[in-house]
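These protein sequence lines are chains A and B, in that order.
For what it's worth, the working numbering labels the leading residue of the first sequence as 1, then goes sequentially.
For what it's worth, the working numbering labels the leading residue of the second sequence as 550, then goes sequentially.
Careful: at least some of the hints might be erroneous.
[Claimed, not checked] Straight-line Cα separation of at most 27 Å, DSS-like style, residue types lysine-lysine; simulated pairs: (1) B:K820 - B:K765; (2) B:K707 - A:K89; (3) A:K222 - B:K765.
[Claimed, not checked] Away from chain A, derived, C-beta distances all over 10 Å, residues of chain B: (4) Q608; (5) G616; (6) P631; (7) A634; (8) D668; (9) V722; (10) Q737; (11) V740; (12) S742; (13) Y749; (14) R760; (15) H848; (16) V873; (17) S933; (18) C961.
Derived from the structure by calculation, the hints contain no laboratory data.
For each residue, glycine too, the CB sits at the ideal point set by N, CA and C.
Listed below are the residues making up each chain.
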Amino acid sequence: MTKRSSKGGQWLLLLLPLWRGLSAHAQSPDNETFLSALGELREATYSDKEKVLERLGQAGHPNLHAVLVALIEDRLCYRNSDQRVFVMKAAEGDPVNLVDAVSLQDAGATPADSVTKIGTNNSLRRVLRTMVARFGLSSPDAAVRLDAVRGMLQSLDANTVALLRERMAVDRDPRVKKEAATGLALADLDGGESPARRRAIASLRESLSQDVRNRLAALLEKTPDGGFAERDEDVRRAAAAAVSNIDQWRNVYSGVEMLFFGLSLGSVLVLIAIGLAITFGVVGVINMAHGELMMLGAYTTYTVQTVMPGHTGISILVAIPAAFLVAGLTGVLLERTIIRFLYGRPLETLLATFGLSLILQQTVRSIFSALNRSVVTPAWMSGSLRLNDALEITYNRLYIVLFTLIVFGISLLVLKRTRIGLNIRAVSQNRAMAKAMGIRTELVDAMAFGLGSGIAGVAGVALSQLTNVGPNLGQSYIIDSFMIVVFGGVGNLWGALIGGMSMGIVNKLLEPYAGAVLAKIFLLVGLILFIQARPRGLFPQAGRAADDK
Amino acid sequence: MKRKVLNTAAWLVTTGSLFSGVLAAQSKIKVGVLHSLSGTMAISETTLKDTILMMIDAQNKKGGLLGKKLEPVVVDPASNWPLFAEKAAQLLEKDKVAVVFGCWTSVSRKSVLPVFEKDNGLLFYPVQYEGEESSKNVIYTGAAPNQQAIPAVDYLMKEVGVKRWVLEGTDYVYPRTTNKILEAYLLQKGVSSADISINYTPFGHSDWQTRVAAIKRFGSVGKKTAVVSTINGDANVPFYKELGNQKISAENIPVVAFSVGEEELSGLDTKPLVGHLAAWNYFQSISTPVNKTFIDQWHGFIKNSKRTTNDPMEAHYVGFNLWVKAVQKAGTPDVNKVLAALPGLETPNLTGGIAKVLPNHHITKPVYIGEVKANGQFNVVWKSGGAVPGDAWSDFLPGSKDIDADWVKLNCGNYNRSTKRCSGQNYK
Chain A
1 MTKRSSKGGQ WLLLLLPLWR GLSAHAQSPD NETFLSALGE LREATYSDKE
51 KVLERLGQAG HPNLHAVLVA LIEDRLCYRN SDQRVFVMKA AEGDPVNLVD
101 AVSLQDAGAT PADSVTKIGT NNSLRRVLRT MVARFGLSSP DAAVRLDAVR
151 GMLQSLDANT VALLRERMAV DRDPRVKKEA ATGLALADLD GGESPARRRA
201 IASLRESLSQ DVRNRLAALL EKTPDGGFAE RDEDVRRAAA AAVSNIDQWR
251 NVYSGVEMLF FGLSLGSVLV LIAIGLAITF GVVGVINMAH GELMMLGAYT
301 TYTVQTVMPG HTGISILVAI PAAFLVAGLT GVLLERTIIR FLYGRPLETL
351 LATFGLSLIL QQTVRSIFSA LNRSVVTPAW MSGSLRLNDA LEITYNRLYI
401 VLFTLIVFGI SLLVLKRTRI GLNIRAVSQN RAMAKAMGIR TELVDAMAFG
451 LGSGIAGVAG VALSQLTNVG PNLGQSYIID SFMIVVFGGV GNLWGALIGG
501 MSMGIVNKLL EPYAGAVLAK IFLLVGLILF IQARPRGLFP QAGRAADDK
Chain B
550 MKRKVLNTAA WLVTTGSLFS GVLAAQSKIK VGVLHSLSGT MAISETTLKD
600 TILMMIDAQN KKGGLLGKKL EPVVVDPASN WPLFAEKAAQ LLEKDKVAVV
650 FGCWTSVSRK SVLPVFEKDN GLLFYPVQYE GEESSKNVIY TGAAPNQQAI
700 PAVDYLMKEV GVKRWVLEGT DYVYPRTTNK ILEAYLLQKG VSSADISINY
750 TPFGHSDWQT RVAAIKRFGS VGKKTAVVST INGDANVPFY KELGNQKISA
800 ENIPVVAFSV GEEELSGLDT KPLVGHLAAW NYFQSISTPV NKTFIDQWHG
850 FIKNSKRTTN DPMEAHYVGF NLWVKAVQKA GTPDVNKVLA ALPGLETPNL
900 TGGIAKVLPN HHITKPVYIG EVKANGQFNV VWKSGGAVPG DAWSDFLPGS
950 KDIDADWVKL NCGNYNRSTK RCSGQNYK
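With the rest of the complex left out, here is chain A (with noise of 0.2 Å):
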C-alpha cells in the first residue's frame, strides 16, 4: 500500500514523509482530518462529494486508495447510531462485516440496518475511476497500467502530464509505452511551437483511437471569430492527413467488424438449425416444438446453475451434456408416444407439434412461472477482446462461434463416422430400401429425433447466454430455424452451415442502412424469390428417392 501510493501523484509524493513520520500513532491529525472528510459523505449532494472527494484527494492519506474502491463498489456507509464511517467487506448480505477506515482492522458485525450506504451517482464514479486510475499506474500488472494510462488520456491536465512522462521514463512495457507517448502527443498539440505541434501529428497518424481522431479534427474547426482553431496551415495540413489516414483504417476495422457481426448471427441460426436439419431431413417431421426444445436446454442452464452456486464458470460446461440429455429424452419420448403415429401425414404432424410445444410452454410456465429466468453470464464470458483501438470483440460471441463450430463438426462426425450415423443417412435417402436392409427404421427415427432434440437443448445453452431465458424463448427463433433449414436444403448439415452464416452476413450488412425490420423484410423477400428459382434449397437432395418424397 504505502509503496503503491508513494508513486501515486504528486501530491502524494510530497506528502509521502509527514504521513510517514506520523503513522506511527493511531490517532494522527491526518487520520482525524480524514476521517472527518469522509464524514461529509454522508449527507452531502452529489456535486459536494465530488468536492469532498478532490480535497481528500489533495491530502492524501494511506487508506485513500481502499476507500474510493469501496465507495465505487457501493462498500462505504455509516453506522447510524454514531455516524462513524466504516468500509464493508461485501456490498450485500445481513449481517455486514464492518472494517475500519482508519486502521482497516475488522470492526465486527452488524445487522444491514443499523447503517447506511454512502452512495454515488455516474459522474461521482467516473471522477472515483480517474483517482483510482493513478493508484493504478504503479501496479505491477502491465494491464493495469495501461487501463490506469488509458483512464488518464481521457482527463489530461499539468498533473497528469507529469505524470506520464515519469512513466514513460521508467516503464519497459511496450504497450504502456506507447500509450503513455500518445498521451504526451495529445498534450504537445496544445501547447509547444509548431514544429513540436507537427511532431506530435506525425507520431499520432498511425494511432486507431476515436479520442485521438476527434482531438486532431478538432485542430481543424472553424473558431467563432472566421480563423481556425489552429493558425498554422502546414500543422493543419498535417492534421487533416492525419484525420483521415485514420478514418480509413478505421473504416477498414468497422466493416471488419460487420463482418464478425454477420458470422456471430450466422452462428446462432446454425446452431439452431442443426438439429431441425437432422429431425427435419430423417424423420421428414415439421417439429414445431423445436423452439421448445431450444427453452428445454436453456431452462436446463439455468436450473444446472441454481444447483451449483458460485460455479458459474463450470455451469455451463456441466450444462452443456445436461441440455443434450434432457432435450434429447424429452425428443424420444414426444417421437415414441405421438409424433410416430403421425408419420407420412404433415398437416396433422404440424398440428400435433404445436399443439405439443404450447404444451411444453404451459409447463415451463407451470413450474419456472412465467417470469424470466437470470442466467448469469460467466466472467470468462463477459467483456471484450480487444484487438486494437478500433476494433473489439466480444467474448460472448466469440465462443458461439467457435461452440457452433464444434457442435457442427460433432454433429458432422456422427453422422458420416458412426453406424447410426449411417443408418439415419439412410432411412434419410431411402426408407423403404433401408428397411430391406434389415435396418430397424422406428429405431433409427426415435434416435435421429432424439439427437435433432438433444442438439437443439444445446442450442439452448448458447441461447441463455444471449437472450432471455423465459416460456417464449423457443417461439423467437423457431421461424429463423426453418428459415434456414429451407434455404440450405433439407436434411443437409453443410447446407444448414451455409445458409445460416450467409443469411447472418446479409442481414448484418443491410442493418445499418435498413434498419433490423426492414433488413429481415428484405431477408424473408429474397428467401421467397430464392425458393421460387431452387425448390430445394442451396443443397438439394439428390437421386430418384429423392424425388418421391
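The hints should help you fit chain B onto chain A, whose structure is shown.
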C-alpha cells in the same frame, strides 16, 4: 308473485345451476381484471392481476364497499390485442362489471377503447404511455410523457450535461409517439438534428451487436451522449448485456429507460446495468411508512418475500383507492355517477405524496430518476419538486399543442382551443 320468485329461487339453488351467480351478484360489486395471464405480456401483467386481487381482498376484509362484497372477475386476453376487445365486451356486457382494471401495452388499450366507449364502461389504465388521448371512460393512472419522458430528458440535459441523443425504441405506437414528442422537445431546446439519432427494432430483438456498435460510434465524437430507451419487454436483457460486453458503461453513455423497472430487473443479471437510469413515478426503494406497509402486504399476499413491487403496481394501488373513494362519494358503483365523482378526488400515493384526479382523467404524480444498483433496486438521484399534473395532449407536438381535455367543464377529451371545436372521441 313473491311466492313464485321464492319458488324459482329454491329451484335454482337446489339444481345448483349456473344461475346461482345472478342472485349472489345482487349483494356484490363486480370488478373486472383484464390482464394477460399468458403470452409475451404475461411476465408484466400477471403481477398487476395479483395486485388488484390483493386490493380487493383487503377491501373485503375491511367490510367491502357500500356494505357489499367486491367480487373479482378475471379474464385472460392472452397478449392478443383483438382478444382484449372481446374480453372487454364480455366483462361489460355479460358480467356487467362496475369497473375494469387492465391493459398494459398501448395497442391493447387502443383495442378496448371503442368497447368501453360503446358500453359506457370504466377502465383504470395503470401504465406509463405516450399521451395524445383522453377518453371519457378511461382514468389514466400511469404517467403521461410530461410525467416521465420530458423530466428524464431535462435531467440528462441539465444535471449530466448530455449534448447528443440516441432515441432507441421498440417498433410500436408508444415508442414512436414518445420519440416524436422528445425529438420536438430537443429541437426546441436547441439540439441540432445531427445530434439526434432515432432507431427502432422489432419486439423481442435479441441481436444488438450492430445497434450497440452504432451507438458507440455515435457517442464517440467527443460530446456527452445518452441513450433514451423506450425498448420494451424482453429485448432489454440482450440490449444491456451487449452494452456491457462492448464496454459501454453508464459513466460513458448512460441509458435512461422508461420501461425497465424492478420487476424486469429481477429477471436478469444486473451487474452490467449498474448506473444506468430509469425514470418512474415510484421505486420500491423509496422509504416511506406507507410504502413499507404496501411491500409487506404484497409479500404476505404473494407468499414470497423476494417479489418486487413496481411503478404500475403503485398506479393500480392509487387507481383502486380512487375508485373506492369515488364509489363511496357517489353512493353507487354506477359508472356515470362514479365518473362524475372522480375529478378532484385525492388519495395518498406510496411515496408520501397525494395523487389527485384531474379533469383530463389523468392524475398528479411525482417524478423520480433512479440509477440501477447491483441488487436490482434503484438509487434515487433526482426527484421532481412536487407532484406533476399529467398532460393528455403534449405541448411539444404541433398538432396537439392547442388541444385540451376537460371532462368537467368542457365535457370533451379533444377540444381545440384555436378552432373552438370539440372533436369528441375522434382522435384524428
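Hint check, failures only: Those not satisfied are hints 2, 13, 14.
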